[in-house]
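Student: Sequence:
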Amino acid sequence: ERLMKEWVSPVYAFFDPTPRITEVGGRRAHEFKCRAKGCKATIRRFLDKKDARSTGNMHKHVKSCWGEDTLNAADSAKDANEVRTKIVGGILKNGSIMASFERKGKGKVTYSHRQHTHGETRAEIVRWISESLRLFEIVKDRGFQLLMKTGRPEYYIPSPSTISRDVRLVFARTHQRVAKMLQEYDGKINFTTDAWSSPNHRAFVAFSVHLEHNGIPLSLPLDIIEVAKVRNLP
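Using the numbering used here, the first residue of the sequence shown is number 33, and each one after it goes up by one.
Any given hint could turn out to be false.
[Claimed, not checked] Here are the computed lysine-lysine pairs in the DSS-like style, where the Cα-Cα straight-line distance is at most 25 Å:
hint, residue 1, residue 2
1, Lys261, Lys72
2, Lys69, Lys92
3, Lys261, Lys220
4, Lys69, Lys212
5, Lys65, Lys81
6, Lys69, Lys95
7, Lys92, Lys81
8, Lys65, Lys95
9, Lys72, Lys92
10, Lys212, Lys181
In short, the hints are calculated from the structure, not lab data. Bear in mind the structure is a predicted one, so any value in this text is a computation, not a measurement.
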């Protein structure tokens, strides 16, 4: 508790307020656990070193985990308490500062006051293109460009070829993630299939999987293939 009174640097707000006291090779240390959702990282600081109060490694982790914009905003705050209530608290409640908007159930969409970075713009466009089934070329549309660049003509919009590469990359990583999840799943997995013919008489078969993940029922389409030849059974 005596040491904790000296931890007033804003960077402490990104870690659990009470560190874990551990011993490694006969040396006592504090382990600070990151508060970001899904992050399991801890920063270890040995108490017998001259830089026992150094926050250098904590700053490095916050920059990579929470983002440089978040760290800069924290550094301009008065102390750790202000960061903990006004910055970290808001992010943990509303999601990562990297997300420009979120939808809670069927509620109202809320928007960020901060302009997207280049990486965030690419990620949001991939999401929009995929969810709304838009063509990659739509980013070159005159109306879209007008809406995006009016008032901020320098705003970055990726090219159709960049979007195409990003979509393929996201698909590949999602494919790997789903495969890993199914292979390591400890429980029953149900598979379903369905077949149909399109209006132009082309036959297709779809495969999907159904399971419970973290208490939430999931239904994921695995593949849709065209049937090369259809046989009518007698």
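Student: So which hints don't hold here, by number, going up?
Tutor: 1, 3 and 10
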